[in-house]
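Undergrad: Residues in the sequence shown are numbered consecutively from 632, following my numbering.
The hints are simulated quantities; they were obtained by calculation from the structure and are not laboratory data. Predicted model only: the values in this text are computed from it and were never measured. Glycine included, every Cβ here is placed at the ideal spot set by N, Cα and C. Check before you lean on any hint, since a few could be wrong.
Label-pair distances were calculated between CB atoms; the ranges are [what the hints assert, rightly or not]: (1) Glu699 <-> Glu817: 27 to 35 Å; (2) Arg923 <-> Phe701: 46 to 54 Å; (3) Thr851 <-> Tyr730: 48 to 56 Å; (4) Lys807 <-> Thr851: 19 to 27 Å; (5) Gly871 <-> Trp759: 24 to 32 Å; (6) Glu936 <-> Gly769: 46 to 54 Å; (7) Arg870 <-> His940: 26 to 34 Å; (8) Val683 <-> Lys869: 53 to 61 Å; (9) Lys807 <-> Gly769: 35 to 43 Å; (10) His825 <-> Asn737: 42 to 50 Å.
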Amino acid sequence: MRAFLYMLAVFLACEVVNSLYLPGKEYGQRNPPSALSWFSRERRLSRSTHRVINIDEDCFLVTSEEGELFFKSPTDEPVVCGIYMIAEPDKRIEVIFNYLDVPCDNGGLVAWVDGWELNGQVWPADSWDDDRLVESCGQRPQRKLVSRQNAALVQYRVPARGKGFAVTVRHLRNSKPCNVMFFGSEGVYTLRNHGETGNCSVLVVSPATVHVLDLNVGQTMKKGLIEMETGTIHRCTKRGLPDYVDIGGSNGLDHTKMEVLDSVCGLDSTEARRPALIACEDTVVRLVSSGRYHNSVTLAFAPFEDIEHADLLCGLNDL
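All chains, please: the whole structure from these sequences, using the hints.
TA: This is the structure we're talking about:
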């Protein structure tokens, strides 16, 4: 996991150099001032209950740890930095601002994002509302900020020497995880809608193979009626079926713009004969549910690097 988070930090740092944006009422542009070019280094947070952020080493920080983080600006330059937090799939992230001294009059701003933002794209993208963004300067947020999924972000610009903030990060149990950012490209996960209407998804921040191990989508399963299995139904969207699983990928965090290799549904307790080979920046599995069924799909992910044999290579339609 440590190796994955380090590689993730390097990848995101390369993407962010000219694209990270700090939301703000006064600074709402997607490409704010030249401060964006200050992303020179990145490092994963080491396990520690207390941590002072060194802007030269930790300006771009990817962390899976709990604890306290302190930042004091060493410069008056408008440096934009970010703390990208990620937890286990069945966790949510709580952030409490213990202290905030960031003047508003010189462009200072701290923003909490429920999810991740990168290159002008937000994840999860299909469940955005105003509560997912909290902006602060001059006065700290009074309430606890809790993400709806296992990823959250604090972006900040503190162009005043000696000013800064302190936060406490905790991981809370999520009894009904819906959108999940997956650790690495290897593991098994069951995606569920918990009987509710809407979309749930797994996003793997890398190319991957996706193997469907068990499928129960758009069907009502009764005990003793296993012979009623439909098997895996392919291209469910073209058949007009309301509940289905999209398997594909995207070149960015916005999985609503994913390229779909196949949409599957049905009741099938036997694993698929072969995995889907997804050669995209991000691998995405999205469960679309009408709310009439308790849908679930169990997935096995594994690394994938052989582009020549890919089932889906994202971006070809843009050429």
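Undergrad: Now tell me if each hint is right for this structure.
TA: Checked hints:
Separated by about 31 Å at the C-beta atoms, Glu699 and Glu817 satisfy the suggested range of 27 to 35 Å. Distance hint check for Arg923 and Phe701: the Cβ-Cβ separation is about 49 Å, which falls inside the suggested range of 46 to 54 Å. Taking 48 to 56 Å as the suggested C-beta distance range, the pair Thr851 and Tyr730 conforms, at roughly 53 Å. With their beta carbons about 20 Å apart, Lys807 and Thr851 fall inside the hinted range of 19 to 27 Å.
Checked against the hint of 24 to 32 Å, the C-beta distance between Gly871 and Trp759 comes to roughly 27 Å, which is consistent with it. In this structure, Glu936 and Gly769 meet the distance hint of 46 to 54 Å, their C-beta atoms being roughly 49 Å apart. Between Arg870 and His940 the Cβ separation comes to about 28 Å, which falls inside the hinted range of 26 to 34 Å. Our hint of 53 to 61 Å for Val683 and Lys869 holds, since their Cβ atoms are close to 55 Å apart.
In this structure the hint that Lys807 and Gly769 lie 35 to 43 Å apart at CB holds, the actual value being about 36 Å. Take His825 and Asn737: their Cβ atoms lie about 46 Å apart, and the range 42 to 50 Å holds.
Violation of the numbered hints given earlier is absent; every hint is satisfied by the structure.
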